Every structure is written in C-alpha cells, then in structure tokens.
Amino acid sequence: MFEYFPTGPYTWNLGVVATLNSGGLIDEVDRACRPIKDAANAGEDAGTPDFLRAWTALTEQLVGQAEEAEKAGHTRTAGQLYARATNYLAQAERMLSHADPARVPSYRRLLELAQKAFDLHSPRVSRVAVPYEGTTLPAYFSQAPATDDGPAPVIVLVNGLDSTKEHMYSSGHWEELAARGISCLMLDQPGTGEALRLQGLTARIDTEVWAGAAVDWLETRPDVDARRIGITGWSLGGYYAPRAAAFEKRFALCVAWGANHDWGAVQRRRREREGERPVPHYWSHVLWVWGFDGDEDHLDPFLDFADGVNLDGVVERITVPFLIAHGANDRQIPLAMAHRSHEQAVNSPKVELRVFTPEEGATEHIGLDHLPHVSTFVADWVADTFAELAARD
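Counting from 1 along the sequence shown, just add 308 to a position and that's the residue number in our numbering.
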C-alpha cells in the first residue's frame, strides 16, 4: 500500500490511499498532508485535530474555487470541485472521536457539499429517506440511465464500521453499477453515517430488519425491478450483508466486500493489539456504534456481545448467488475468514471467492489500495449475475 506517512499510523495512511482511490488528486492531498507529517508521528489519536484542520482547509479552498466557477457559469468545473471537496471532508470527519465537538458540524457541512455535488456533478443521484421503525434511514439513490426505458435492477450498498454514504458516493461504485444498467441505494444503516451521527440509531446484529425495510421501500418504486434487488456490504458490511441475505429472502444476490465472518474474534484480537484498527479512538468509536457505555478498560461485556456478530450458522442459510471479495494482505480481517464464509456457503447456487493479490494490487482491507480494481470486478460480477437471473425468468 502507498504510505504517505512512512512512520505514521496505519489509519492515516489508509485514509490517504482511500481518498486517492476515490477521486482525490495527489497534488491536493499532498498539500493537505505535508504540514501534518510531524503530527502523524505523535500518534493517530493525538493528531486527529491537526488532520481535520489541514483537510478542512483544503476542502474550503476547493469550495471557494467551486463558488467562483459556479458564478461564471462553469457548472461542470464547479461540480467536480464540490465532489472532490466531499471526498476530502468525508475522510477527515471519519478520523474524529465521536465526542469531538467538531464532529457533528463537520458532518453537517459534508451533507451540504454532497448535495452541491449532486446538483452540479451527479444529477442522477438524489437524497432519499427509507421508512424504518417509526423514523427513516437516510440514503442516496443513484437512478441508472437504464431506468429511462423501464425498471432496472438495484444494489443496496451498505457501510462498514466507520464509513458513510458519502464515502460510497466518493468511491464511484454507483457509477460503475449505473454504467452496467444497475441502480444503487447507498444506505446509512443503523450504526453508520447520518443514521448514527444525527439520529442516534445504533447498530444491530439482526441486520435483516433494516435491510428488509430498504427492500420494502425499493419495491414501491416503479423504476426498480423488484425481482433483482441485491445487497453489497464492505468491511463490517461483510457481516451485515450476508446476514441480511440469509434471512431476507427477497434479495437476489449478495456480495461480501471484505469477509467479516467473525467480527467478535477480530475485536478480541484488537484488544490484544493484534491486527490493525480502521480508525483512531477505536474503542470509543466501536462502543458508540453499538450503543454501549464503558471504555477501553471495561470491555468484557461488549466483547461478550460482539461474539454474536458472527456468520457461523448464518452463511449456510444464503440461497442466492454469493460473492466474497477479500485482499490477501488485509491487515484488519484475516484472509482465513474469507475461506470460512466460502466453505460454509453450501446452499448458495453460485458462490465465488475472489482473493486480490499483492501482484495485482487491491490486497489491503477492502482493496482500498486499488479500489477501482475491486469496484469494477464486483460490478461485473453483479451485472453478470443479474443477467443470468433474468435469463432464467
């Protein structure tokens, strides 16, 4: 993996490479990171305010350029600038402790920039709300051009532990799907993104509940082919999505973009300082996501709970096509978990394990070191599988 901070924290380096592989420009990223090289050496937690200041300054510089371009009638240029600004601020906000007073204001600013990007850069992406247990789940819907000619298949794309629907937008995966005739619902499910930050909705083990709500909503749309609704989850979504597909039988296919088969075991490894962590302020973040009180010194009740975030006895219930995509050098989730999901998917009519190697890239966590390579592979597999399902109808 390209590591901008040679002696700095993994979390910062992962954020940089994710940004670059989600449309960030090397010059802009370098200008933001150069002043904080010393801060990186101070440690991932201590340096996050410096990271936010540097990346927010870059964000606002781009916003200023976008506003000038917009005034001049250069809407394409303005849209590109707003889209990159969204990418940069999303990565900076992701690094903050949930207790940081800058977190909510930064996220609200991120929502504003994302909407400007939709208006000027991605007009087929819109903000939507999915009804869920007396409230709604915030999401972005990418309406594929194919819907101009009738209903199209759709993927429900779900987050991991620390990503947001704004990261999904910046990844461009929805564009790859749209180019293949597939719409995409980028969902902030409970425990992630806006659902957590602004609505206080925490994660749950029985992911089929909120996933089923997403299917309910999609089935009301005339532009959706309800027989071809799939679910894809990256990182911790590699638990969320298979669990949902196992129990919500309306899903036509499933992709685990990172095989988070036994998340509880990963947490026990992390307490022993084995393996890398995805974000600074890690235990504070995890407890927030799942709605637990406590701190790093009192983790036993949480770890007992986390043992239930496990796909043993669940993957066997998946009865639709199932893709597992995993990096051979994933420093967060052991490759053995991908093999475990693959071996247990005995009732899937089409199960595939794709391991990305160091020679080709995309070998780190969810392929962030070569994200477009994984994104196009997943999109091709989804498109091929939807076509196969349509041919059988």
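If you're looking for bench data, these hints aren't it; they were derived computationally from the structure. Quick caveat, the model's predicted, so the values are computed rather than measured. Treat the hints with care, as some may be off.
Derived SDA-like pairs: lysine to any residue, alpha-carbon spacing no greater than 20 Å straight-line [as the list claims (entries may be wrong)]:
no., residue 1, residue 2
1, Lys557, Asp620
2, Lys658, Arg535
3, Lys557, Val654
4, Lys658, Trp689
5, Lys557, Ala573
(request) Measure nothing beyond the straight line between the CA atoms of Lys658 and Arg535; if it is 20 Å or shorter, mark the hint as holding. (result) Holds - the C-alpha atoms of Arg535 and Lys658 are around 17 Å apart, at most 20 Å.
(message) Can you confirm whether the C-alpha distance between Lys557 and Val654 stays at or below 20 Å?
(response) Distance ~16 Å between Lys557 and Val654 Cα, so the pair holds.
(message) Need the status of pair Lys658, Trp689: alpha-carbon distance at most 20 Å?
(response) holds, 11 Å
(request) Starting from Lys557, check that the Cα of Asp620 is at most 20 Å away, please. (result) With Cα atoms ~18 Å apart, Lys557 and Asp620 stay inside 20 Å; holds.
(message) Hinted pair, alpha-carbon criterion (20 Å max): Lys557, Ala573. Please report holds or violated.
(response) violated, 27 Å
Checked against the numbered hints above, the structure violates only hint 5.
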